[in-house]
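Based on the sequences and whatever the hints tell you, model everything.
Read top to bottom, the protein sequences are chains A and B.
Per numbering that gives the first Met the number 0: the first sequence = residues 0 to 289.
Per numbering that gives the first Met the number 0: the second sequence = residues 0 to 314.
Hint data in this document are derived by calculation from the structure and do not stem from the laboratory.
No residue lacks a Cβ here, since even glycine has one placed at the ideal position from N, Cα and C.
Treat the hints with care, as some may be off.
To be verified - Okay, the calculated beta carbon distance ranges per label pair:
#: 1; chain 1: B; residue 1: I51; chain 2: A; residue 2: W50; range: 45 to 55 Å
#: 2; chain 1: A; residue 1: L20; chain 2: B; residue 2: M76; range: 32 to 42 Å
#: 3; chain 1: A; residue 1: T71; chain 2: B; residue 2: I51; range: 22 to 32 Å
#: 4; chain 1: B; residue 1: V143; chain 2: A; residue 2: N53; range: 49 to 59 Å
#: 5; chain 1: B; residue 1: K157; chain 2: A; residue 2: N53; range: 21 to 31 Å
#: 6; chain 1: B; residue 1: V81; chain 2: A; residue 2: K202; range: 47 to 57 Å
#: 7; chain 1: A; residue 1: N122; chain 2: B; residue 2: V290; range: 36 to 46 Å
To be verified - If you want the footprint, here are the derived chain B segments under chain A, 3+ residues with CB under 8 Å:
#: 8; stretch: 33-44
#: 9; stretch: 66-77
#: 10; stretch: 92-105
#: 11; stretch: 180-191
#: 12; stretch: 203-214
#: 13; stretch: 249-263
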Amino acid sequence: MLLLGIPGALALILFHYLPLLGNVIAFQDYQPYLGFTESEWVGFSNFAFLWNGNPEFLNALWNTLILTVIQTVLVFPVPLVLALLLNSLAGERLKRLLQSVFYLPHFLSWVIVVALFQQMLGNAGMLNTFLVQHDLPVLHIIGVPDLFKALVTSQAIWKDAGWGTIIFLAAISRIDQEQYEAAAVDGATAWQRLINITLPSLKGLFILLLILRLGSSLSVGFEQIILQQGPVGIQASEVLDTWVYNNGIIGGNWGISGAVGLFKGVVGVLLVVGANKLAHAFGERGVYEK
Amino acid sequence: MTTLEQSTVAKDRVSVPARASGKRPPWMEKPNPVTQAVKFLALVICVALVVIPFWSVIATSIADQTTINAAGGGMVMWPKGVTFSSYAAVLSGGVVTRAVVISVGITVVGTLLSLAATAGLAYWLSRPNALLGKPVLMLVLGAVLFSPGLIPTYLVVKQFNLLDSWWSLILPVLVNAFNVIVMRAFFQELPQELFESAAIDGASSATILFRIVLPLSKAVMAVIGLFYAVAYWNAFFNAMLYIQSTDKWPMALVLRTYVVNQTTIGGDQVSAEVLPPQLSLQMAILVIAIVPILVVYPFLQRHFAKGVMIGAVKG
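Right, here's the structure in full:
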């Protein structure tokens with residue numbers, strides 16, 4: 000019994016816990032040829048970016064926070080709206096069919112999604128081909144720094160909004176139908192039933208998802224952004240994850256990148272714990288019980 | 000977020016609401032034709048946004064030179080002349096063909112190894128009073144909660160001399176801790192009397208796993224296997240990090256280079272007497288990357304519709 004489980008446990012220890020310990024490089028002047036054990040210990044000096052106001056770090060942090068806010072405000076509620084729309088359809092078979100269509104983009108990799116967007120919206124893409132054929136001016140959407148955040152956001156919606164409906168549809172289906180019936184008998188309109196029954200029933204779930212979202216708020220679409228960083232430049236597109244990659248793996252500043260990575264992880268955990276405390280304070284369940 | 004996504008899968012079974020019959024309950028008012036029309040229109044637009052890109056990518060991949068020229072060198076919605084020469088070109092040797100073989104290999108080997116490691120670990124943790132059961136369970140739960148950063152993971156992979164090896168695409172993601180928890184919950188719901196009587200009859204744990212547990216767990220193995228397979232096929236990030244030699248590239252890196260970055264595809268990359276249009280070649284590569292997902296998708300969907308993972312959330 001033990002033997003069958005050992006490969007799996009070993010994989011977790013070697014590729015999950017060993018790297019977790021490897022975060023010690025955040026406190027070292029790590030040199031690849033010296034390794035974890037021989038590299039010099041430098042205390043907190045790698046974290047100087049936090050109080051020195053390193054402009055590149057601040058730019059990456061700023062872009063990350065803007066994207067997080069945009070994505071939380073715009074991307075996050077889309078699945079709920081889509082789920083309500085789907086749920087208001089009477090035909091079960093039509094609904095199933097639509098669900099199949101909407102879930103599909105989730106299973107495509109970011110490389111494919113980015114390629115599809117290029118072919119649709121790029122300078123030689125479908126939209127612009129259509130515009131040129133009708134003697135209309137070309138719309139430059141892809142590769143424009145000012146539109147980068149909007150582009151990234153719409154890609155996130157395209158890929159995952161449909162998949163996000165699953166959890167809302169499941170929650171909606173668990174709402175007691177008798178509530179709706181009683182409300183309708185008392186004269187509540189469909190809109191009033193939505194506002195007073197459906198949405199309040201989804202509040203707990205919404206808060207739960209929001210807390211989880213908060214926990215990953217310093218991670219915004221690494222693969223998605225690194226793929227499209229070239230044409231728009233660092234200023235518009237650098238986020239913390241890409242900064243860590245560009246500085247560490249590409250630039251060889253191991254210690255500092257490790258420090259940023261650790262900072263990100265710690266902040267993420269703190270945000271989840273904090274938001275959960277807040278949820279408890281407002282009488283909600285949150286992610287875990289007290 | 001994979002953890003959350005997969006836990007939601009469990010609940011999809013119940014997404015059949017009380018109105019499963021599809022009929023309007025007697026208390027509900029007749030739908031207003033205007034709102035119905037607006038809803039319908041909104042959904043049609045959403046469907047179009049998903050379907051049109053796929054459609055035009057496929058159409059362009061099989062369009063001949065004249066159709067593409069007629070479209071001003073851009074994407075095609077309706078190919079007048081159909082040719083499969085771009086597929087022939089990319090699939091008859093060269094960098095794309097090699098990448099397809101590599102990606103298929105990584106997906107097959109990776110999925111099998113992942114399933115074996117996940118099932119083994121889940122089975123260990125599902126047995127009551129297993130040796131070291133508690134600490135190993137904490138190990139798995141901890142791995143769900145804390146993820147190591149990019150840099151330390153890279154350094155560990157480097158330390159193990161896995162850089163530029165296909166194993167770097169498999170071993171670091173061999174076990175998804177969340178999948179272990181889902182599978183363990185499934186194993187725990189199997190009738191335990193079966194195991195006890197088998198043990199009394201002298202069956203070893205391996206025999207119990209292979210003769211009793213696995214045959215009863217085909218559904219959960221299928222879903223988790225499909226999730227692993229999709230992840231291996233799609234893997235881009237790790238490939239970008241760890242694979243340096245061009246001749247070891249999986250599909251994702253080929254896609255990035257020739258489709259996203261639009262590096263010119265020439266006679267060195269594909270084999271064709273007359274080179275098909277660049278755009279057709281690019282779209283053919285894109286279609287080849289999408290097709291496996293489209294093929295397994297109905298199975299995936301049937302399984303998450305069946306909701307084999309109910310109870311998984313209990314952890």
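Hints, verified against the model:
Evaluation of the 45 to 55 Å hint for I51 of chain B and W50 of chain A yields a pass: the beta carbon distance comes to about 50 Å. Between L20 of chain A and M76 of chain B the C-beta distance comes to about 54 Å, which lies outside the given range of 32 to 42 Å. Remark: the range hint 22 to 32 Å for T71 of chain A to I51 of chain B is upheld by a beta-carbon distance near 28 Å. In this structure the supplied range 49 to 59 Å is violated for V143 of chain B paired with N53 of chain A, their Cβ-Cβ distance being about 33 Å.
Restraint check, K157 of chain B to N53 of chain A: a C-beta distance of roughly 26 Å satisfies the suggested window 21 to 31 Å. Taking the beta carbon of each, V81 of chain B and K202 of chain A are about 53 Å apart, inside 47 to 57 Å as hinted. The given range of 36 to 46 Å is broken by N122 of chain A and V290 of chain B, whose C-beta atoms sit roughly 27 Å from each other. A count of 3 residues in the stretch 33-44 of chain B with a Cβ less than 8 Å from any Cβ of chain A is obtained; the coverage claim is therefore met, three being the minimum.
Here's how the stretch 66-77 of chain B fares: 6 of its residues keep a CB closer than 8 Å to some CB of chain A, so the rule of at least three is met and the hint holds. With 0 residues carrying a beta carbon less than 8 Å from a beta carbon of chain A, the stretch 92-105 of chain B misses the three-residue requirement, and the given coverage is violated. Judged by the Cβ-Cβ criterion of 8 Å, the stretch 180-191 of chain B is not covered by chain A as claimed, because only 0 of its residues qualify and three are needed. For the stretch 203-214 of chain B, the stated coverage by chain A is satisfied: 3 residues place a CB nearer than 8 Å to a CB of that chain, which reaches the threshold of 3.
With a cut-off of 8 Å between beta carbons, the stretch 249-263 of chain B has 6 residues touching chain A; three or more are needed, and the interface restraint holds.
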